[in-house]
Every structure is written in C-alpha cells, then in structure tokens.
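Undergrad: Use these hints to put chain B onto chain A, whose structure you have.
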Amino acid sequence: MTTENIHHVSASLGDHLPVLVVLVPFVAAPLLVFIGSRRLAWSIAFAASAISLVISFLLLMRVIGGEVISYHLGGWAPPLGIEYRVDAANAFVLLLVTAIAVVVLPFARESVRAEIPDRQNTLFYALFLLCLTGLLGVAVTGDAFNVFVFLEISSLATYVLIAQGSYRDKRALTASYDYLIMGTIGATFFVIGLGLLYMATGTLNMADIAERLVDQAGNRTVRAAFAFIVVGIGLKVAIYPLHLWLPNAYTFAPSAVTAFVAATSTKVAVYVLMRFMFSVFQPVFLFEVNTLEFIILPFALLAMFAASFIAVFQSDFKRMLAYSSIAQIGYMLLGIAFLTETGLTAAIVHLFNHGITKAALFMGVGIYALRLGGSFLDDIEGAGRRMPWTSAAVVIAGLSLIGVPGTAGFISKWVLVEAALEKGWWLIAILIVASSLLAVIYVWRVIEVLYLKAPKGDVIVKEAPLSMLLPLWVMALACVYFGLDTDLTISAARAAAEGLMAGTSGMR
Amino acid sequence: MLEEFTWPFIVGHLNYWLFIVLMMTGLYIVVAKGNLVKKIVGLNIFQTSVFMLYISMGKVTGGTAPIFPIDLNIDPDVVYSNPLPHVLILTAIVVGIATTSLGLALIVRIREEYDSIEEERILEIEQAIANAENQRHGQAMGGRAT
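These protein sequence lines map, in sequence, to chains A and B. When we follow this note's numbering, the leftmost residue of the first sequence carries the number 177, and every step to the right adds one. When we follow this note's numbering, the leftmost residue of the second sequence carries the number 429, and every step to the right adds one.
You can take every hint at face value.
If you want a taste of the chain A side facing chain B, the calculated C-beta under 7 Å gives, among others: (1) F321; (2) V325; (3) E328; (4) L332; (5) Y335; (6) K346; (7) R347; (8) T350; (9) L356; (10) T364; (11) S491; (12) F552.
Pairs of lysine-lysine, BS3-like flavour, derived with a Cα cap of 30 Å: (13) A:K632 <-> A:K346; (14) A:K346 <-> B:K461; (15) B:K466 <-> A:K346.
It is worth saying that the hints were derived from the structure and are not from the lab. Glycine is no exception: its CB is placed at the ideal position from the N, C-alpha and C atoms.
Here chain B stands alone, though its shape is the one from the complex:
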C-alpha cells in the first residue's frame, strides 16, 4: 500500500490532492460555521472543488484547446484536450449560482423574520416557539404529547 506513494505518484495526482483539500475545507465550513452566510461560502468552495475535479480531468497531456481550424483540415497528429467535462461544468456552475442566490435570498428573509443570521440564536428562537407550542397543545392533550 505505502510503496505506491512514490514522489511521481504524489506529484502526478496533484490536482486530486488539491480537489480533496478544497472539498474538505468547504464541507468543514458548512458543518462547523454557525453563520448562515459563511455556510453558503463553504458550500461554494465545496462546489468549486468539484469543478476543479472535472476540469482537470479533461486535460490530455500535450493537448491543446479543442478548437478545430477554420478550414476543418484536421491534423491527426494534433492532440486535443477533452472538452466534455468543461461543458458539463458550465452547467454545474449555473446550478451553483442558482443555489447560491436562492440561499442568500433565504438568508435575507430569515434575517427579516428572526433578526439574526447566527444559527445558535435562530435555534434558540425556534426552540422557544416549539416549547410554547408543546405546552399549549400538550396540555390540551392531557399532558401526553411531549
């Protein structure tokens, strides 16, 4: 297992190492940060790492930009990079932007209603609402509802 980790292996997979680091950074921010905006930032970093995975995947050693010459005289010796992952990521970027903007819009509405964008504070408020609800409805149920 360990003998696989030679220097050329490590350097040769640089893009994957970076992808993992970025991905974990993003995921960590989403999980660990209590600020709703920071969570969205983390989510963005997480998604960007995937863009990197795809884009670096399309690279062919010695390949050039996948654009055919205008006269369509294709030289069979020229190597092109794979454009498909790039195209896929264009779609994923659009999805990412939609998610980010929707997330931020929700945060604006949350700020209006709760007057805070800190998760802890919001949870406190929600707990208070839930407790009040349970008290009201629990008593009516003969104290059975918890």
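Excised from the complex, chain A in its bound form:
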C-alpha cells in the first residue's frame, strides 16, 4: 500500500460504533478478572452488555433504511485490511444478541449464585462476556477468516460455560466434551472451506470473494468450499442430522447459560449460514440451489417433525425445550431453502422471535430449578398455583412457541406459510401447520402438569425473586408485543432479506 492513499480523517466516536460493539465486552472481560471483586463482576458485565445494546440499537437505526456501514479496522482499507460491515441483517442480529444478554444477566445473578460455587462467579461473568464478544464479532465482521476466529472465541467460552453445570450434574462435563469435539470439527471444516475459497479467489473479504466468484460457478474448488462451509456451519447451527451435541449441552448447562446460548448462539450460526449462502455465494449458483432444495429442505422438514416428536416424549421440561429448539431451527432453514425474499424474511423474523421465546422459556425452567429443585415434569407439578407469576409467563412463552395468534411465534410462522404459498408449495405450508400441532402437544403436557395437577408435598414454595421474575416477564411481554406490533421486526427483517438477496450489489 502506498502512503498517498491513506487519508487521515478525524473520526468521531460515532464512526467507531461497529468496532466498539465488540470491543466493550471484550475489554470488560479481562477487566473484571483483574479487579476480581465478586460484586463488581456482575455490575461490570451488565454495564458492558448494556453499552453494547445501546450501540447495536444505534447501528440498526442507521442501517434500517438499507445503507451499509463499512468500518476499516485500524484504517487499513479492504480487501487488504479487515472490514467490519454493518447492514440491516447483522445489525438485527447484533440487537437480538445484546438484548438477550442484557435481559439474561439480571436473571443470571440469582441463578448463578445457586448453581455455581461463589469462587467461580467472577470467571463465569468474564466467560459470559467473552461468549458475547465472539457472537457479536461473528455478526459484525465482513472478513471471512475473522468469522472463524470469533466463532471459536464464542464456542470456547460456551464449552466452559456448559461445563459449569457439572456442579449440579456431572453429565455437563461429557456434554461439554461432546460439543467441543463436534464444534471443533465444524469449525475446522469451515476453515477448510475458507482455504479453498481463498485458493479460488485470493481474498478473504466477503464482498471481494463474492465479486470474484461470479464467473467461477462451475469451479470444483468453489463447490468443495461451499460443501465444507455448509457442513461446518451446519454443525454449529445444529441442522437436523448434525444436532447431536445440542440436547445434552442445553439440558446440563446452568440455567442462565442455557437461556443465553439457546437464544443466541445457534441464531448467530444461522446468520452466518445466510451470509455465506446469499452474500458470498450467489443464489443463482446452481449447485447451491440444488443443495438447498434437495438437502437442506428435506432435513429442515425432518427436523420439524422428528425433533418435535421426540420432544413430546420427554419427561424433563428442559430437555423437551432443547429438542424443540432443533425443530425450530428447521423452520429457519426452511425459510432459507425457499430462496425467496419472503422466505428469507421469515427465517430472520423467526430467528428473532424464537430467540426471545426460548430465552423466556429457559428462564422459566431456571426458576423452577431454583425453587423446586428440578425441571422434570413431576418436579413442577402444580407449580401454576404455587408460583403463579412464573407459570403464567411460561405459558405465554409456550403459546408463542406453538405460534398462537397474538404472539411473536405466530408472526414468523405466518410469514413462513406465506412464503411457502408464494412458491406454490402448499404441501409444505400444510406441513408447517401440522408440525406446529406437535408443539401444541408438548406445550400442553407442560401446561397440564403446571395447572391441573395437585402440588406435591406440603412444602411451602416461594414465588421466584423479583430479579428473576422481571427478566422473565420482559421476555414474555416481548413475545406478546412482537406478536401485535410487527413494525420493527418485519421491516428490519425485510430490509435484511433485501440486502442479502441483492447479493454482490448489496455488499458493495
């Protein structure tokens, strides 16, 4: 690079927002370890997440009209330098991740105190922030290799967070180990794919790769790269046959971790999948169309039915929700596989709506675990009468999981059915509705146990502390709010889908 090309423009703080959203939690994580105070740890973590939330909101407001913010890290211009690129799609993901973090943290305070030894608390929050950093980094970056690095930062933090569940159940350790093996295989596949892409294009900047791929559709190296990237990310997304790490990891992780990870990490992976399928590779790329139609689509349908079916027979509420997550990921993949703007909008809306729904449900599970000692269906018998506030919120979120009109879950399924009909695939539209009926069964099983069974024993059970109820209700009310007022979600998702479908021209 010649020196004449470097412009020294004084940049205000506002220009650095894309990097600050990642840097704030990243710097706060070691900071709270150095300070080492248990009480301050939580406050710092919360403050850092809150700052990131505000930044994400500002970023979304700036790009919702369709603009793209390109931030050059260290002033090095892309494609040589690393570029952070914010458009509607990733600003929306940033908002989801930071919002979930801000809501889950107050909940985590009590929950973590009960489930994890005090001496680990500081490190726990540091890891939580690192996990957040990784997820935000994956979403914000426009550099393909950077995605891998951030993906591994968040994954490594997640493995440790899941293993923290070993203080309650030793199976958390093997769950974490299995996730580590599968997650690493996935990440390594992803890197192989990036390597092959680099061989074909000689660049790592996503927009640049996209441009150079245009006339390489028949290149076998590019096809192999596509396959490696889809399988690698597929492991992180938990696409149906690659989901084996998920049920145990979600079941045995500490409640707060499950609430955060279930609502964010698979969603961010879905975002990466979308980014690579639509922005880096082109939807016109015939090989990709075939992959989506003949591989992703059947597996998405299979996930919707098989995972929901398994969920029906679970005796542990938490494990039931884990299987339901796999089914819900099926809906998102279905939206992607439609390869239309409406389908993509549905996938993005569902990504958001399912995120808040699952966060609420897993927080409810965390409260039951704290007050009733477990989340098995017979542990929570009659909890509807003894813990009315918690149970009411769980029911609202459960309805949203089914997709009852008036809740967030309804909106995303509605858009998804609309997308299916738009393509003329009415059979798939019927299947979407049919699989929702399976959700009715397992959610009803929980409602039945909560309200229609007599409480076990005479032990007086207190309602959950306010610091846990409040986040739970914020999420439950969000489920209702986004079911009634769809302005923010639908318009942001539509802008995101438009940006993604525009392909290269959207990237430049």
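TA: For chain B alone, kept in the frame of chain A given last:
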C-alpha cells in the same frame, strides 16, 4: 475423468493428497477411538492437516521467504511466497491449542467424576443415571414418561 490422473497431476498435487490422508486419519481417530485423550489426539491431527493445506497453498514456485531487504530496494524480479496463509494459520494454531487444552482440562474433570476416560464406561454410567431418573420421574408421571 480418469485421463486427468496423469503422473504429473498426481505428483503436482502431492500436498493435497497428504492433506486428505492426514485429515481422514484424524477424523477416523476422533470417530473410532473410545479413549477421550485419543479423540483429542485425532482432533489435533485433523486440525494439523488443515494447517498443511494452508501453508502449502502459500507456496509460489521459485518464491523466496517474503521478507523485504532492509533498504527496501525491492527487486521486481524476485518472487516471494504468499505470507498471508501462514499468518492465518498462526491464528488457527492458537485456536487449536486453546481447544486442546480445554479438551484435556475437561478430561481431567471427567476422570475425577466418572473415574474413567473410556467412552463406553462413561456411557454406561450415564445410562444408569438416566434410567434411575426415568424410573423416579416416570412413575410419578403415571408411567407415561419414557
């Protein structure tokens, strides 16, 4: 298809053959071995194969080490190897080490709790826990839960 496999083609792609062999060896160990430590070893071999793919990719025929002369008088005739893949792999190595150490740390904890690092034995213990759990909670559910 087959006529592509001439001798120069095979020798010319030696690094890729080796990459595939190493990659498959590693993946096979991860899948086939029941010992948790051996799985980590397999994972390492698998990752190392990728390092090889990247590093050999950066080689330019006749290229030298990508270091500029100290007076920055760059001779346009000198060909340099591509340093970028090497730099990327430095990052990937760091990630690999972090994964390995975390994996080994988890194995230590698993050994403390289960008293074994053989997958079969661990699965047996977990199955026993799950069965006991199902019995306890299943009966309370009127035998409905499986």
